[in-house]
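Just so you know, we're using my numbering here: the sequence shown kicks off at 28 and counts up by one.
Since the hints were made in silico from the structure, they are not lab data.
Don't take each hint at face value.
Stated by the list, open to error - For lysine to aspartate or glutamate, the following DMTMM-like pairs were computed, each having C-alpha atoms within a straight-line distance of at most 20 Å: (1) 262 x 278; (2) 262 x 221; (3) 262 x 273; (4) 262 x 179; (5) 262 x 200.
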Amino acid sequence: MTGTTNDSTVLRAIADLAPMWMPGCVVDTAERTVEVGWGRGALQMSAVVGLGEIIDRCNQVPQHRWAEQIEAWLRAVVAEGELATEEHRFGDVAERQRALLVQRGWSARTAGPVADALIPFGDHFEVVVFIRTGTELRRLTVVRRSMLGLGDPAVPSPVQLTLEQISDLRPVEHDGFSVLSRDDDPLVSMAVVDRENLLPQASLGLGVLLGVPRLSTVAFCAADAGQEAADGLAKFVADTYRDAPDQCSPDVFWLQGDRMVQVPVTLAEPPTVMLPAALLPSPRRTWVRHLVQQLFRR
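Work out the full structure, taking the sequences as your base and the hints as a guide.
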């Protein structure tokens, strides 16, 4: 039974099973919440968490797997509470939020029983929220975000906090394309989000071809720069992605304003970009691109 189960059936199962694994937890079937507690000794804390996520998960699997799903989720929620308590020791949690641009589907492939706090970003990427704790970036889940009160409109935006951290990035010219990068800084991937300041060419003319092979590297060139520049960019993206510790995406994209589409690249060595007809060079387009390049070099 998948997808068509009445939510009330799942709720009854949660109400029956939860106290077995978490003595003292309180399931409110009317409000669709569960109150769980954690702590050591005299320091005890609790939080009320919505059950929507686990109900959806149960509805996606056969009924005989509900028990394992419910147990894993409840234990993960308690672990999130312990982590939320610990994070307060490092200062203002809201100001330590950061965001990373990752390949679409990365969160679903790598998340645990509790979903990550994320923002869809087109068809090819998503923005996942983290908390900087010391030198570590910890993934922020929807449950922990609620526990920490980070969903309040008055809380600083993790995207804006991140863009402030990378506002000093400057492109380095390679042979026909440019690269934004900083060693061991996964926030660089968010340059794609801040097109106005870090990729202004994306809003001019035909935009740019770009790749995000690593979280710490964004490469781009004018979309109408021609076959040689496009192929050079594709080779750089493929070589940089290969065996990188912070892989993001091996693909090449055409970004024009708010529109981003994937551009086919052959598997040959070196790779060849299959440029759309709109990006094939023409004398007038080449002249306009030359003027734009001169503008950004000033």
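Hints versus structure:
no.: 1; hint: 262 x 278; in the structure: holds, 10 Å
no.: 2; hint: 262 x 221; in the structure: violated, 25 Å
no.: 3; hint: 262 x 273; in the structure: holds, 18 Å
no.: 4; hint: 262 x 179; in the structure: violated, 44 Å
no.: 5; hint: 262 x 200; in the structure: holds, 15 Å
Comparing the model with each numbered hint stated earlier shows that hints 2 and 4 do not hold.
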